[in-house]
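Guided by the hints, dock chain B onto chain A, whose structure is given.
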Amino acid sequence: MYMRTLVAAGTMAVMSSSAYAGCGIYGSVKVLANDFPATQAVSAAMRACDGGSADITVNLNKDHKDLIVPAFTANPPEFTTSHVTNSTLVAVMNDGLAMPLDDLIAKHGAGIQDMQKVTIDGKVMAIAFMANAQHLFYRKDILDAAGVGVPTTYEEVLAAAEAIKSKGLMDYPIGGTYKAGWNLGEEFVNMYLGHGGAFFKPGTAEPSVNNAKGVATLEMMKALTGYMNPDYLTHDSNAIQAEWEAGNIALTNLWGSRAGAVTDGEGSTPEIESNTMFAAATSVAGGSVPSTTLWWDGFAIAKNASAADAEASFVAMMQGLSSDMAAANASDANWLIAGSEPRAAGVGVVASAAGGASPYPMLPWMGAMHGALGAEVADFLQGNESAEQTLADIEAAYTAAATEKGFL
Amino acid sequence: MPHRTFLTFIWPSALAMLLFIALPIISVGVQSLHIEHEQVVETVKNCGPFGCKEVEVINADATAQLQADKPLGRFNGLGTYTNRNHLAFEEISAAMQAGGGPGAFFGAVFNLPFYKALAFTLTYTFVVTPFVLILGFFIALSVNRLPGVVKGPTIFVSLLPMIVTPLIGSLILFWMIDSRGIIGGTLQLIFDDPDLSLKASPALTWITLIIYGVWHHAPFAFVVFYAGLQTVPKDTLESAMIDGASRWQSVVHVVLPHLAPLVVFIALIQLMDNFRVFEPVVGFNAEANATSLSWIIYNDLRGSDGATLFSSAAATSMLTITGVCILLAPVVLRTWRDNRQRA
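Chains as they are written, first to last, in the working numbering: chain A, 1 to 408; chain B, 1 to 343.
Simulated from the structure, these hints should not be mistaken for laboratory data.
Honestly, I wouldn't trust all of these hints.
[Claimed, not checked] Straight-line Cα separation of at most 20 Å, SDA-like style, residue types lysine to any residue; simulated pairs:
no., chain 1, residue 1, chain 2, residue 2
1, B, K116, A, N384
2, A, K123, B, V55
3, A, K201, B, V44
4, A, K303, A, K62
5, A, K123, B, T43
6, B, K45, A, P202
7, B, K116, A, Q382
8, B, K116, B, A104
9, A, K201, B, K53
10, A, K303, B, A64
11, A, K303, B, L301
12, A, K62, B, L301
13, B, K53, A, P361
[Unchecked claim] Label-pair distances were calculated between CB atoms; the ranges are:
no., chain 1, residue 1, chain 2, residue 2, range
14, B, G99, A, T269, 54 to 64 Å
15, B, L160, A, P270, 39 to 49 Å
16, A, E219, B, F106, 21 to 31 Å
17, B, P194, A, E219, 23 to 33 Å
18, A, Q40, B, G99, 57 to 67 Å
19, A, P230, B, L160, 48 to 58 Å
20, B, D69, A, D102, 26 to 36 Å
21, A, E156, B, P194, 24 to 34 Å
22, A, S386, B, G152, 53 to 63 Å
Keep in mind the model is a prediction, meaning the values are calculated, not measured.
Glycine included, C-beta positions come from ideal geometry on N, C-alpha and C.
Okay, chain A solo, but in the shape it has when bound (with noise of 0.2 Å):
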């Protein structure tokens, strides 16, 4: 019996992969990508186009970003595409491990929109796919029950916390990624660049955030601190993931890739979702643009690959980011490509980036500073010391960090 389906399976498995065989790709094919529904999509699009001449691999993998460079580093490269984003590009770029793509976009890449070419100095490094960007989730009816409108700044975040848990709705009705580390300097990130701030003296590696910006930036996350479960520390995106689904939550800015996630009728109950609204990141200190920063997804080609390799990369990325895999996908990302439908859940990604917020800084040097902050942030937070004294240690980390990287 077990054999039986066993044969049955096997049967199955290769009459699909010829049927779908090859898509017109010799090589190999090896795919890096993180690991959330929209890449799940991608991947599998991909997928299709294996067998006959066509051998693609896919890993993946939350970790993604620390095995880009390795991985590219390596001649013949670990995988021949990777995802990257704003930030990982950064760090493939700066050990010049990316292939640009212009050749191949020429001969296969007639779908692909401008936008969605990420150029620097001319030359086309990736190709993105998705936008995304932490922005507002709010709950409806907690708002409603709690007499507040949706907040559309930081005060008024406070303002609406305050009220929900004067009558009692909740103990702590907000939630934030500020885990320690990269999240923490994350929320540090899109909290400073709402207030104007700017990481580094122009032109220069040299970094400028201990100054008034920077001050109000950290008493503001403290003040939201004020208002959460005090494990705030510990908690990622999984974690505020669950603590909305678990309805402890009313307010939080999260990802837009998990917006999909908390309406889709799965892990929550039909009352929590159906009050779950997405609205653009609310703005702070009386500015005008969303406090959070516009992120990209794409791929981008090693540039150890092989000529072969490199184009049936192209190829297979091209399959996967197709028109008919984003209209399938519909609701699982922010598409930048050509002909996809803007989904329901992806209004705050939208709203944020239409509100001015900025891209999240595109700077060789910033991986050290995101580290510097996500190492000391916390220190102000639990009222060991001034927002003065964490300034400056910041700036101090990240100093020897930039100087031991050759920055300074």
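What follows is chain B alone, placed relative to chain A:
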């Protein structure tokens, strides 16, 4: 043993130790003295889904040329060791000159990442090690007195904490001590404090990690002591009983002296293990409240978005090795002196 025979026996392991221990350590040491080349930066136009912007980028070709000429990078001497993220000589002398009493001085020192991590690492090592020894000894004594039928299953259950992978064990406990988890919720009930959270304050996080450490390592001490207990000479114990010694007295005067070499052995292993504490910091998401030397190395090697700090990691590794040597020196010296006396 003649020298020749000794050499014949020892050379394979000596060679392996040279290849797999000494050479890597030397390579790490050399790495720690270098930092990356000055990057060649240029300003270019960068366009993407959100518009165009002039940004600085690294000229990878020019930097690659520098890299090819001198693959190790720039020689930096002990600069990485003394910088702010490691021993921080400048910051410490500034804190000394600033005055403000010992409180302000230690405040400034423990604000530095290396000393913050060192404080937790040493506290963890010196609290967990004795507790592991004591707890392991008492578990061994109790299990040794159990009737044969239940002995096997009890030993198996007692070993479980050690069998569970540290990262998995700490992750499971992380969820159990959550304020909505079974342990966290129970503690809130017992202390009648709905805001009590083991993850929120440094003090409670430290206590949690230390208890986890004792829980995880006690079975090791137990197993070693239990094996040792099987070798305690029966006739000495019986003569002690005939002499009217209570059970406690025979434990103190017969069993303990017999097991003394094992105490040294376990203490050595535990000091080394605990000084390298790492997995619980990751598993308990504790980096905001407690970091360890190994965690700093891990953090530097992971980098964020390409900012991997190999030299920093190398310097911290060398400092950790130095720390282990200092910790073990008293025990090793004593053993060596004892051996010499015997010889």
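Which earlier hints turn out false for this structure, listed by number in ascending order? 4, 11 and 19
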